[in-house]
Structure formats: C-alpha cells, structure tokens
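K.L.:
So the chains spell out like this:
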Amino acid sequence: MATSSPILRAEALEKTYPPLTSGAPGLTLFRDLSLEVAPGEMVAVVGQSGAGKSTLLHLMAALDRPTTGNVYVGETEVTALTPRQQSAFRNRQIGYVWQFHYLLPEFTALENAAMPLLARGVAKSEALAAAETWLARVGLAGRGHHRSGELSGGEQQRVSIARALVTQPRLLLADEPTGDLDTTTSTQVFELLQQLHREQGLASLIVTHNLDFAARCDRVLRLKGGQLHPA
Amino acid sequence: MRFELFIAARYLRARRRQAVVGLITLISVIGVAAGVASLIIALAITNGMRRDLQDRLVGSTAHVLLMKTAGDGIDNWRPLLDKLQHQPHVLAAAPGLYGQVLISRGPRSGGALIKGILPDDELKTGNLLQSIKQGSYGELQPTTLIPNPSPLIPKPIVIGQDLATTLGAEVGDSLLVTSPQGELTPLGLIPRYEHFRVVGIFNSGFYQYDSSYAFMRLADAQHLFSEPDVISVISFKLDDLYKAQQVGHALEQVAGNGFQATNWMEQNRELFRALKLEQVVTFIVLALIVVVAALNILIALTMMVMEKTRDIAVMMSFGVDASQIRRIFLAQGLLISGIGTVLGLVVGYAASLAGSHYKFIQLDASIYSIDYLPFAPRIIDALAVAALSLITALLATLYPSHSAASVLPAEALRYE
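Those sequence lines, one after another, are chains G and R. Residues 1 to 231, numbered by UniProt numbering, are exactly what the first sequence covers, in order. Residues 1 to 416, numbered by UniProt numbering, are exactly what the second sequence covers, in order.
Same shape as in the complex, but just chain G:
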C-alpha cells in the first residue's frame, strides 16, 4: 500500500434526490462523506442494500453529480469538468466493472474489450491488438471471436474486466463484480481483479456484499447512515 497523495479523493459529498411529490421530503443518501484511495490501494465498500454503494461509485466515476462536494482523481477535480471533459477523463483514467457484465451483444468479445479504445479514436487494428492482449491476461486467449451469448457468466465478466483495463486507467471502480456469479467463479474473478490490481498498480474501490472478499482488500469501509466508517 502506498502513502503518496491519493488517486481518488472525495470531499464533503452530499447527494440528495428531490422528492417525487411536492411536500414530501427529499432522499439524502450521503451527508459530508469523505473518502481517499491511495495509489496501489484496494478499498472495499460494504453496506446494506439501498445504502447508496452504487451511487457512491457513480459519483466517483462522474456518471452522476453530487448535490454538493467535490471528487478528485489525481489532481483533477472531476466534478468541475464539463460532461464532455468528464467522458474523455473517464475514458483515459477510470476503469469501471459492473455487477452484470453489460457487454454489447452485437459485438464479439474482442470488439467489446477494444470498445473504449475505439471510442477514443484509436485505429481499429491497434485497438483490437491491445484488446487481444488483455483477453489473454484475463484468461480468454483465443475466445475473442465469440459473442457474449456464447460465453459463460464468468467469461463475460472477465471480458468486462478486460474492457475496463484496456485503456490502462489509474483508478478501477467495481460495483459488486462477483455478485452475479457462483461461488467458484466469484473467487476466480475476484482473484483475477486482485492480481491485475497489483500488476497494474491501480487504485481500486470495490463495492461488494461478500465479506470474505472485502476482508482480502487493503481496507474495508462500511457505508451506513450516509457516511463511510472503517469496518
């Protein structure tokens, strides 16, 4: 675990959803929430369903805006960027893994893994070559021509990990990456994430319900009452 300045820093975050009907109170998920993840650190976030774990990751990835507060990735205040700048920033600095693989069904595993590079404008041959390397690293060498429907759940999640890391980001955000997998496959996928985290020197923030996996992280935080507490 490194001690240098954090890769991810959230300061005094508040997220309040407006009321659905007039007169009703709004829903406040976080109040004065702060968080830091250092380079090379793998932090797990646990908490009850509905506590706001996924929303927290959305705010870190600039997929959603906090009501107040700031999020920094490195020296960049991502909450101050324009939506277009946030997209470009996400593409280069953040890898995101969802609970469900969310692969694009019309494309092969190789094309799915190459997608962030293609979106950036990298030449197709170069993007596919990089994706092929990453598919090999997640144990799917030679499976690149398969579409998502032809892969098992674990394989699909491996492709989504390759897609998240193909841009070689500094920050990995994973939202219950093993939540849709059986026990054996969950373990394999989590160990893969751990291995890649180490090899790439990532800062990782992982939301999980699995307390065993959480315990294997550098630090565990519990989201409760709109605040993060050491678990």
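Mixed in with the good hints, there may be bad ones.
Said to hold, decoys possible - Label-pair restraints from in silico Cβ distances:
id, chain 1, residue 1, chain 2, residue 2, range
1, G, S4, R, V342, 52 to 60 angstroms
2, G, E126, R, L353, 43 to 51 angstroms
3, R, S406, G, S49, 22 to 30 angstroms
4, R, V342, G, A123, 54 to 62 angstroms
5, G, T16, R, A9, 37 to 45 angstroms
6, R, V342, G, T16, 51 to 59 angstroms
7, R, R310, G, E126, 47 to 55 angstroms
8, R, D240, G, A123, 52 to 60 angstroms
9, R, R310, G, R31, 48 to 56 angstroms
10, G, E126, R, A354, 25 to 33 angstroms
11, G, A123, R, R310, 22 to 30 angstroms
12, G, A123, R, Q362, 56 to 64 angstroms
13, R, E411, G, T183, 26 to 34 angstroms
14, G, G142, R, L383, 46 to 54 angstroms
Claimed, not checked - Derived coverage of chain G by chain R (criterion: at least 3 residues anywhere in the stretch with Cβ under 8 angstroms from a Cβ of chain R; other residues may be distant):
id, region
15, 24-34
16, 56-70
17, 98-106
18, 109-118
Stated by the list, open to error - Away from chain G, derived, C-beta distances all over 12 angstroms, residues of chain R:
id, residue
19, L26
20, D52
21, G73
22, L118
23, E183
24, V347
If you are wondering where the hints come from, they were derived from the structure by calculation, not from laboratory data. Remember, predicted model here, so these are calculated numbers, not experimental data. Note that the Cβ used here is the ideal one computed from N, Cα and C, for glycine as well.
Please arrange chain R on chain G, whose structure you already have, making use of the hints.
P.N.:
Only chain R this time, still in chain G's reference frame:
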C-alpha cells in the same frame, strides 16, 4: 466518426431483441427505396414528355422570329435576309408573310393564319410542311420554278388537319379565302377574296397549328394582302436553340432600328411554365412517400433507442460522450436512408432506362402525338431526390438521436 459508423452499421445488421424494430427498419428501407424510385420514374416521364413536346414544338417552328416593331412589312428584304443568315449561330433563314383570313367552303368557314412562304427556305427553319399527311407542298414552289402554270387552275394552299376537318375539305377541294385587308371603293371597304385549291393537309400534332395554320406561295400571299414584294417576318433556325434570346438580340442589332426579335421560349412561355408546374406538383406529391418513409425511420430509431438504453449507458461509462451517442443514431438513420436511396435510384433508373429503350408503355398516337411513353431520367433529378431523401431522414433522426444522447447512465442502470 469511424467509431460511430462502426456501431451504427453493426446495430443495423444485428438481429434485434425486439423483432418489430428490425421489421420497421426493413420497412423504412423499402419505403425510402419506393419513394425515391417513384420520384425518379415520375420525373423521368415528365421530363420525357416535356422533351418530346419541346423537340416537336421547336422542330415545327423557327427558333427566332424577326419583325418590324411598328408591325408594318419588311420591304427590300432580300439583302437583309442574305446578311442575317450569315450571322453567328444562324443555320438558316426564311422569309414569311403572315395575314389573318377567313376560309370558307360552302356553308362551312373558319378563321386562319396564312403564311406566305418559299418552301425550300421554309423547310430549313420549320418542319410543319414535312408533316403533310395528304398531298404535298410541291405546288407551293414559286411560279417561276413551275413550268407552264395554268391561270385557270386556282392557286395552291396547304392547310392543317383540324382546319380541314372544320371545313370538310380534302385535297383537291376549292376554298374561298377572304382577306379583311380589302380594297377601298366608293361603296366602302370591300374585302379581297380569292379561290384556292387544297394541295396538302398537314398534321403536326399541335392543335394551335393544325386548327388555324395555312401555307401559300409568298407571291400569292403578297397579292392577297395587297403587299407587293413585302414580308412581315424572317424566321431563323439556330445551331443552339438555347441561345435564341442572345442571337435574337444580335439579329436586332444587325437589322438596325425598328426591328424586334422574339423566340420559341417567349412564344411558348405559358406552356413550359405549365409543364414545370406539373413537374413540381408531381415531385411534391410523390415526395410524401419519402416523408412517410422518414416517419418509419423515426419510429424505428425511437424504438431502438429504447431497446439500447442500457448499452448507451454502458458506452457512456467507458467514455463515449453524448455527441458520439447522438452521431451513432444519426449515422444509423442516414444508413437506412442511404441504403434505401441507393436502391431507389438503381430501381428508378433501371425502370426509366428500360422504359426508354424498350418503349413498353404504348400510347394512342392520335391523342398524344407519340406512340410510346417517353422516359428521360436526368442526373440533376437524381441529385435532388437523393438530397430530399437524406435531408428528411436527417430530420427524422433528430429526435431519437437527441433522446439517446440525453440518457443518464446512472439512472438507466439503476434498476437493471
């Protein structure tokens, strides 16, 4: 744009989760193709009809007519004619003397416009004489060229088919031609009249000529209208009929003061304006097919955006920005329209060229003056139709592509 096209093209080819989206997409392509093909074929027909009409009209009449501004005749016309027919773009020139007459045969009568001509010159500037179906124009040659003309035989006249029908006249019949430009006598103005013999009946296919035109020898017309050695107009045939206005001005300059020129476009302006209007109305009506096809594109894309909301959110999560998402669906709409447009152009042109070559749509020549439906496809029409198709498709993509770009990833994936 490569990324957007890559995604859009794959979305178009892929099998849909909702089969109805694929079906509507297919209907959209077919609709665009049908609209474009209909427009190309309809425009080819109106162009063909107009071209045919123009060819026959311009063939029947002179390209430029030169006359005196004051309406009086042109005397000493031979040197002028000789000078003018050597001007640039002039292929031929012919003298003519026009006059209004009443032609009667027994109890039947009809008004007519007489043109006194020299047949050899007239044939070089207009082909009405070539459309003689009964008899011939041979006897319209000047008397100096006819050996021993008999003074007892009435002078020759060639009349139009519809005028002949009105008069009940056939070749060989005698007609009484009465000119209002008569002689002044102590009893008042006495119209001049003379008997003529029908030597030919022409049928040009143009009612305005066939119902009221008649040809006689120039000398006979000058005698009938008491205009010795005077003509009223010089007709010109040009090497480029679209330079009629420009050449007309040049001829006015060369002829000197007191002359004015008119041309085939000015004389038939209303006719061609009506044809143009017909073409515009045809275009607008058939363009509605393309508009309906564009509505199909709108529906197909809107449904596809709904189907792809999750994928849009995922793409945004790895850095695809809203403008790229917008362009993906815009490209998809344009691909649908582009494929339909190309198909429509191919089908429309193939049908038009086949129609032009094989003449498989027959017409009644006695009604239309042409025995087949003419097709004349033009590149400019293809460009206009393609532009219309693509622009309407572009407009149809605005709403779905905007709604795709407005997807909020956190919201879209919250309940997945």
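K.L.:
Does each hint hold? Answer for all of them.
P.N.:
Hint-by-hint comparison with the structure:
no. : hint                                  : in the structure
1   : G:S4 <-> R:V342: 52 to 60 angstroms   : holds (59 angstroms)
2   : G:E126 <-> R:L353: 43 to 51 angstroms : holds (46 angstroms)
3   : R:S406 <-> G:S49: 22 to 30 angstroms  : holds (29 angstroms)
4   : R:V342 <-> G:A123: 54 to 62 angstroms : violated (28 angstroms)
5   : G:T16 <-> R:A9: 37 to 45 angstroms    : holds (43 angstroms)
6   : R:V342 <-> G:T16: 51 to 59 angstroms  : holds (53 angstroms)
7   : R:R310 <-> G:E126: 47 to 55 angstroms : violated (28 angstroms)
8   : R:D240 <-> G:A123: 52 to 60 angstroms : holds (54 angstroms)
9   : R:R310 <-> G:R31: 48 to 56 angstroms  : violated (30 angstroms)
10  : G:E126 <-> R:A354: 25 to 33 angstroms : violated (48 angstroms)
11  : G:A123 <-> R:R310: 22 to 30 angstroms : holds (28 angstroms)
12  : G:A123 <-> R:Q362: 56 to 64 angstroms : holds (59 angstroms)
13  : R:E411 <-> G:T183: 26 to 34 angstroms : holds (32 angstroms)
14  : G:G142 <-> R:L383: 46 to 54 angstroms : holds (50 angstroms)
15  : 24-34                                 : violated (count 0)
16  : 56-70                                 : holds (count 4)
17  : 98-106                                : holds (count 6)
18  : 109-118                               : holds (count 3)
19  : L26                                   : holds (17 angstroms)
20  : D52                                   : holds (52 angstroms)
21  : G73                                   : holds (80 angstroms)
22  : L118                                  : holds (77 angstroms)
23  : E183                                  : holds (95 angstroms)
24  : V347                                  : holds (29 angstroms)
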